[in-house]
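**Student:** Sequence:
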Amino acid sequence: MFSYDELTSPERELWVAFPEGRRVDLRTGVPEDDRVAEGEQWGPGRTVRAAVIEALLLARTPRFRAPSRA
Numbered sequence: 638m639f640s641y642d643e644l645t646s647p648e649r650e651l652w653v654a655f656p657e658g659r660r661v662d663l664r665t666g667v668p669e670d671d672r673v674a675e676g677e678q679w680g681p682g683r684t685v686r687a688a689v690i691e692a693l694l695l696a697r698t699p700r701f702r703a704p705s706r707a
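At position 17 of the sequence shown the residue is numbered 654 (the working numbering), and the sequence of numbers has no breaks.
Each hint should be verified, as a subset may be incorrect.
Here are the simulated distance ranges between beta carbons [unchecked claim]: (1) Met-638 with Thr-684: 16 to 22 Å; (2) Tyr-641 with Arg-672: 28 to 34 Å; (3) Leu-694 with Asp-642: 27 to 33 Å; (4) Tyr-641 with Leu-663: 14 to 20 Å; (5) Asp-670 with Thr-645: 16 to 22 Å.
Hints in this document: simulated from the structure, not taken from any laboratory.
The beta-carbon is built from N, C-alpha and C at its ideal position, and this holds for glycine as well.
Turn these sequences into a full structure, and let the hints guide you.
**Tutor:** Now the structure itself:
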């Protein structure tokens, strides 16, 4: 489980946007710099760890718990 303080800036953006269904756009606006094939070179300012996405999707976060079934 992650604490908010452990998240990078783009991860925090996703963390806040996720429950509202908002998109997080990490593109630069320069098509040459936004190529997925060049993703290894993007750096931490445009990277979201898989474990953070997994925590959000599986409701493994302090803020986003899956509702209990009655």
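**Student:** Each hint needs a verdict: does it hold in this structure or not?
**Tutor:** How the hints compare with the structure:
For the pair Met-638 and Thr-684, the beta carbons lie near 20 Å from each other, so the given range of 16 to 22 Å is met. In this structure the supplied range 28 to 34 Å holds for Tyr-641 paired with Arg-672, their Cβ-Cβ distance being about 31 Å. Take Leu-694 and Asp-642: their Cβ atoms lie about 21 Å apart, and the range 27 to 33 Å is violated. Taking 14 to 20 Å as the suggested C-beta distance range, the pair Tyr-641 and Leu-663 conforms, at roughly 19 Å.
Remark: the range hint 16 to 22 Å for Asp-670 to Thr-645 is upheld by a beta-carbon distance near 19 Å.
Of the hints listed earlier, the one the structure fails to meet is number 3.
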